[in-house]
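Engineer: Okay, here's what each chain looks like letter by letter:
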Amino acid sequence: MAEVADTMLKTSDGRPLKEALATAQARAKRRAFLLVMPLLAFVLLTFLIPIGYMLKRSFEHDGFSGSAPALVAWFEANDDFDPADPPEAAYAALVDDLARMQAERTTGLAGARINYSVPGTISMFKAGARAAKNLQPPFKEALVALDENWSRPALWRAMESASNIYTTEFYLVAADRKLTDDGWARGGDKERIYLYLFVKTFVISGVITVLCLLLAFPIAHLLATLPMAKSSLLMILVLLPFWTSLLVRTTSWMVLLQEQGVVNNLLVAMGLVSDDGRLTMMYNLTGTIVAMTHVLLPFMILPLYSVMRVIPPSYARAARSLGATSWTTFRRVYLPQTMPGIAAGSLLVFILAVGYYITPALVGGADGQLISNLIAFHMSKSNWSLAAAIAAMLLLSILLLYWLYDRLVGIDRLKLG
Amino acid sequence: MALPTYASPLERIWYYTYIVICCLVFLFLIAPILIVIPLSFNAEPYFTFTEKMVTFDPEGYSLRWYDTLLTLGHPDPDAVRDGAWWSAVWERSTWVQAAKNSFWVGLWATILATVLGTIAALGLSRPEMPYRRLIMALLISPMIVPIIIIAVGMSFFYAKACVPPDGVLGATVGYFLSEKGCLANSHLGVIVAHAVLGIPFVIITVTATLAGFDQSLIRAAQSMGANPRTVFFKVIMPLILPGVISGALFAFVTSFDEVVAVLFIAGPEQQTIPRQMFNGIREAISPAILAVATILVVISVLLLASVELLRRRSDRLRGVTGR
Numbered sequence: 001m002a003e004v005a006d007t008m009l010k011t012s013d014g015r016p017l018k019e020a021l022a023t024a025q026a027r028a029k030r031r032a033f034l035l036v037m038p039l040l041a042f043v044l045l046t047f048l049i050p051i052g053y054m055l056k057r058s059f060e061h062d063g064f065s066g067s068a069p070a071l072v073a074w075f076e077a078n079d080d081f082d083p084a085d086p087p088e089a090a091y092a093a094l095v096d097d098l099a100r101m102q103a104e105r106t107t108g109l110a111g112a113r114i115n116y117s118v119p120g121t122i123s124m125f126k127a128g129a130r131a132a133k134n135l136q137p138p139f140k141e142a143l144v145a146l147d148e149n150w151s152r153p154a155l156w157r158a159m160e161s162a163s164n165i166y167t168t169e170f171y172l173v174a175a176d177r178k179l180t181d182d183g184w185a186r187g188g189d190k191e192r193i194y195l196y197l198f199v200k201t202f203v204i205s206g207v208i209t210v211l212c213l214l215l216a217f218p219i220a221h222l223l224a225t226l227p228m229a230k231s232s233l234l235m236i237l238v239l240l241p242f243w244t245s246l247l248v249r250t251t252s253w254m255v256l257l258q259e260q261g262v263v264n265n266l267l268v269a270m271g272l273v274s275d276d277g278r279l280t281m282m283y284n285l286t287g288t289i290v291a292m293t294h295v296l297l298p299f300m301i302l303p304l305y306s307v308m309r310v311i312p313p314s315y316a317r318a319a320r321s322l323g324a325t326s327w328t329t330f331r332r333v334y335l336p337q338t339m340p341g342i343a344a345g346s347l348l349v350f351i352l353a354v355g356y357y358i359t360p361a362l363v364g365g366a367d368g369q370l371i372s373n374l375i376a377f378h379m380s381k382s383n384w385s386l387a388a389a390i391a392a393m394l395l396l397s398i399l400l401l402y403w404l405y406d407r408l409v410g411i412d413r414l415k416l417g
Numbered sequence: 418m419a420l421p422t423y424a425s426p427l428e429r430i431w432y433y434t435y436i437v438i439c440c441l442v443f444l445f446l447i448a449p450i451l452i453v454i455p456l457s458f459n460a461e462p463y464f465t466f467t468e469k470m471v472t473f474d475p476e477g478y479s480l481r482w483y484d485t486l487l488t489l490g491h492p493d494p495d496a497v498r499d500g501a502w503w504s505a506v507w508e509r510s511t512w513v514q515a516a517k518n519s520f521w522v523g524l525w526a527t528i529l530a531t532v533l534g535t536i537a538a539l540g541l542s543r544p545e546m547p548y549r550r551l552i553m554a555l556l557i558s559p560m561i562v563p564i565i566i567i568a569v570g571m572s573f574f575y576a577k578a579c580v581p582p583d584g585v586l587g588a589t590v591g592y593f594l595s596e597k598g599c600l601a602n603s604h605l606g607v608i609v610a611h612a613v614l615g616i617p618f619v620i621i622t623v624t625a626t627l628a629g630f631d632q633s634l635i636r637a638a639q640s641m642g643a644n645p646r647t648v649f650f651k652v653i654m655p656l657i658l659p660g661v662i663s664g665a666l667f668a669f670v671t672s673f674d675e676v677v678a679v680l681f682i683a684g685p686e687q688q689t690i691p692r693q694m695f696n697g698i699r700e701a702i703s704p705a706i707l708a709v710a711t712i713l714v715v716i717s718v719l720l721l722a723s724v725e726l727l728r729r730r731s732d733r734l735r736g737v738t739g740r
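One line per chain: the protein sequences are X and E, in this order.
Note that this note's numbering has the first sequence beginning at 1, numbered continuously upward.
Note that this note's numbering has the second sequence beginning at 418, numbered continuously upward.
In case anyone wonders, no lab produced these hints; they're calculated from the structure.
Positions of the beta carbon are idealized from the N, C-alpha and C atoms, including for glycine.
One should not assume that every hint holds.
Computed, partial: chain E to chain X, Cβ under 8 Å [unchecked claim]:
#, residue
1, Phe-466
2, Arg-543
3, Met-546
4, Ile-557
5, Leu-627
6, Met-694
7, Asn-696
Quick list of simulated restraints, FRET-style, between CB atoms [stated by the list, open to error]:
#, chain 1, residue 1, chain 2, residue 2, range
8, X, Leu-408, E, Pro-547, 20 to 28 Å
9, X, Gln-337, E, Leu-480, 48 to 56 Å
10, X, Ala-185, E, Ser-703, 47 to 55 Å
11, E, Pro-547, X, Ile-49, 16 to 24 Å
12, X, Val-203, E, Pro-544, 41 to 49 Å
13, E, Ser-479, X, Leu-408, 49 to 57 Å
14, E, Ser-703, X, Leu-267, 52 to 60 Å
15, E, Ala-576, X, Gln-260, 28 to 36 Å
16, E, Pro-544, X, Lys-18, 14 to 22 Å
17, X, Leu-214, E, Ala-576, 42 to 50 Å
18, X, Lys-190, E, Val-471, 47 to 55 Å
19, E, Ser-633, X, Pro-313, 31 to 39 Å
20, E, Val-471, X, Arg-332, 26 to 34 Å
21, X, Pro-313, E, Arg-481, 48 to 56 Å
Work out the full structure, taking the sequences as your base and the hints as a guide.
Structural biologist: Next comes the structure, spelled out in structure tokens:
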């Protein structure tokens with residue numbers, strides 16, 4: 001072994017080459033990382049932490065636990081109480097807390113927290129808090145006389161759960177569970193709005209992806225096979241929508257699709273549609289699908305084009321000369337070679353469609369709303385925790401798709417124009 | 418692509434059908450953008466072609482909606498249009514204010530995204546870069562994560578990201594924050610939000626330019642005694658500049674077009690063009706929106722033209738022939 005060590009390569013200053021190389025590589029790594037550091041720090045501060053903060057908000061809420069100390073203490077001491085029939089001590093603690101809420105003006109906060117799991121409780125809390133100072137024992141009877149819902153087991157379950165600052169309740173609500181007198185249960189058919197909207201969003205995104213693929217395929221093929229000078233010119237027609245403001249494109253579709261709009265006028269003028277039989281193409285699902293297909297189409301054309309451009313035409317010619325019909329040539333030779341482009345474009349369009357907000361908000365009406373619009377709705381109603389929980393669920397599905405995209409396509413192959 | 422001489426009649430028919438289909442798709446792509454241009458000159462408050470417009474009667478056309486852009490929010494719109502009137506337009510008009518806000522926010526967001534993004538792209542393009550894939554995925558994610566999620570997260574966090582206005586920090590950076598010293602409702606908040614959204618575009622275009630970059634040029638410069646600064650400004654920068662500029666243009670357009678983050682984190686002081694348009698479309702849609710849309714279409718044509726020219730120049734510099 002000693003002989004081996006002697007013959008080991010060394011640098012001019014006598015260090016083993018392997019060691020010197022490792023040091024140099026570590027230094028190069030550090031340097032490369034230092035270049036990325038400022039941006040990473042910026043993205044961490046302004047993007048990752050806000051999203052992390054949102055995720056935190058979807059798990060915690062101190063609206064009730066912070067303003068009802070007596071009940072929190074009572075629940076902690078009696079964690080095996082029967083929600084169907086809480087003892088007088090619990091009601092006494094509740095009245096005590098209601099009086100405190102009235103004095104500290106925290107009724108709204110506490111009521112809003114309980115309202116997530118038992119809808120309609122904010123007004124109950126407000127009335128209870130106003131009356132609390134003058135209530136006489138026995139408190140149970142006094143409160144029930146005020147509002148019989150005060151003895152509802154579901155309410156007591158909700159309050160027990162809300163006495164803990166951390167909770168998964170917002171996710172249960174977002175998954176269409178409902179707090180009943182016997183605990184959390186599946187909501188009725190009419191109450192399954194959130195999961196239904198999730199499914200609907202995915203289905204619509206799928207439809208839009210297929211439409212984009214059908215429209216983009218011939219275009220991309222034409223661009224890829226035309227001589228360079230002509231295809232460059234036509235490419236501008238693809239890139240112009242890409243560069244045009246999203247709001248402009250959405251406005252254009254509103255102009256085109258509305259009842260007195262250009263498309264309907266054309267159809268009436270051509271006699272295809274009668275004047276009072278004008279089509280309703282906007283403020284419904286049709287509007288959302290048409291406008292979103294238009295907006296997302298370039299994202300399908302560009303990856304398809306970049307794959308089709310490098311497919312050698314000689315393969316198709318070889319297939320034809322071996323006796324394949326043009327359909328067989330397309331199906332067995334050309335189509336399989338375009339698969340990477342189809343996968344890249346479809347995944348990108350699907351991912352972007354699932355999280356779309358502006359277009360459905362403006363042209364979707366009541367029927368064409370997607371999950372993003374629901375998040376915005378709950379934000380505007382100050383149901384922040386529920387909005388955060390739905391957003392977290394959407395984020396999870398997007399990240400799964402993103403991971404799939406990276407696996408199948410590779411994010412470094414993402415190109416713009 | 419032409420039809421081969423051995424094509425059967427059926428194939429000929431299919432070929433022409435295919436050409437027609439392609440034309441229709443191009444029409445679908447481009448017509449909605451072009452349709453707003455003639456309609457913005459409508460003399461009537463309608464969103465469709467009037468009879469006078471179809472017959473090219475000059476009376477059917479007017480510039481009244483462009484005029485509205487100047488007079489909306491003007492304290493005295495009907496006064497004589499002298500210097501004072503125009504300076505009131507510059508200072509008070511709603512759309513002009515929105516345009517100014519959009520421009521400044523876009524400019525600063527672009528500078529922030531381009532400088533940080535270019536430096537990071539240089540690091541990411543080095544073969545030694547550790548965790549390259551993961552970091553790339555992270556830096557591209559603002560483009561993938563739905564804007565509504567980003568906006569919700571930012572609206573929660575930026576409302577809490579405050580400095581006490583009377584402290585040392587408040588005295589130094591407080592100017593850029595809102596009155597309460599928070600990122601929410603401040604210009605800085607909108608700028609950093611838009612910078613984050615622009616970063617993926619800068620990273621993508623600059624790393625794409627760097628992919629064709631011959632690393633031995635750096636070594637050649639170094640071996641001739643250039644220090645890192647000279648190498649960067651004299652060798653790397655001129656070669657990647659087209660990529661940097663088109664990344665910057667993408668970042669600017671992203672900011673200039675962004676409305677959701679503005680809706681969630683900005684205050685009334687940060688009225689931008691997209692926000693004004695969004696509210697206009699939602700509440701009372703007036704053809705003035707079409708006038709704005711036409712101006713925006715013209716701007717995007719100009720931007721697209723500059724990016725195309727840049728790309729061709731970059732390809733030529735790098736010795737890439739064709740596209």
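Engineer: E/Ala-576 and X/Gln-260, beta-carbon distance inside 28 to 36 Å?
Structural biologist: violated (42 Å)
Engineer: 52 to 60 Å was suggested as the range; check whether the CB atoms of E/Ser-703 and X/Leu-267 agree with it.
Structural biologist: Roughly 25 Å apart at Cβ, these two residues miss the hinted range, so it is violated.
Engineer: Given the hint of 41 to 49 Å, is the C-beta distance from X/Val-203 to E/Pro-544 inside that range or not?
Structural biologist: holds (43 Å)
Engineer: Checking hints one by one. Is E/Ile-557 an interface residue toward chain X, by the C-beta closer than 8 Å rule?
Structural biologist: holds (5 Å)
Engineer: Does E/Phe-466 hold up as a contact with chain X if the rule is Cβ-Cβ below 8 Å?
Structural biologist: holds (7 Å)
Engineer: So does X/Leu-408 sit 20 to 28 Å from E/Pro-547, Cβ to Cβ?
Structural biologist: Hint holds: Cβ distance 24 Å, inside 20 to 28 Å.
Engineer: At the C-beta level, are X/Pro-313 and E/Arg-481 separated by a distance inside 48 to 56 Å?
Structural biologist: Holds: the Cβ-Cβ distance is about 54 Å, inside 48 to 56 Å.
Engineer: Has the hinted range 47 to 55 Å been met by the Cβ atoms of X/Lys-190 and E/Val-471?
Structural biologist: holds (49 Å)
Engineer: Return holds or violated for the Cβ distance of E/Ser-633 and X/Pro-313 against the range 31 to 39 Å.
Structural biologist: With a Cβ separation near 35 Å, E/Ser-633 and X/Pro-313 satisfy 31 to 39 Å, so the hint holds.
Engineer: Against the range 16 to 24 Å, how does the distance between the Cβ atoms of E/Pro-547 and X/Ile-49 compare: consistent or not?
Structural biologist: Between E/Pro-547 and X/Ile-49, where Cβ atoms are some 23 Å apart, the hint holds.
Engineer: Verify the interface restraint on E/Asn-696: the C-beta must sit less than 8 Å from at least one C-beta of chain X.
Structural biologist: violated (11 Å)
Engineer: With a cut-off of 8 Å, does the beta carbon of E/Leu-627 approach a beta carbon of chain X closely enough for the hint to hold?
Structural biologist: violated (11 Å)
Violated hints for the displayed structure, listed by number in ascending order: 5, 7, 14, 15, 20.
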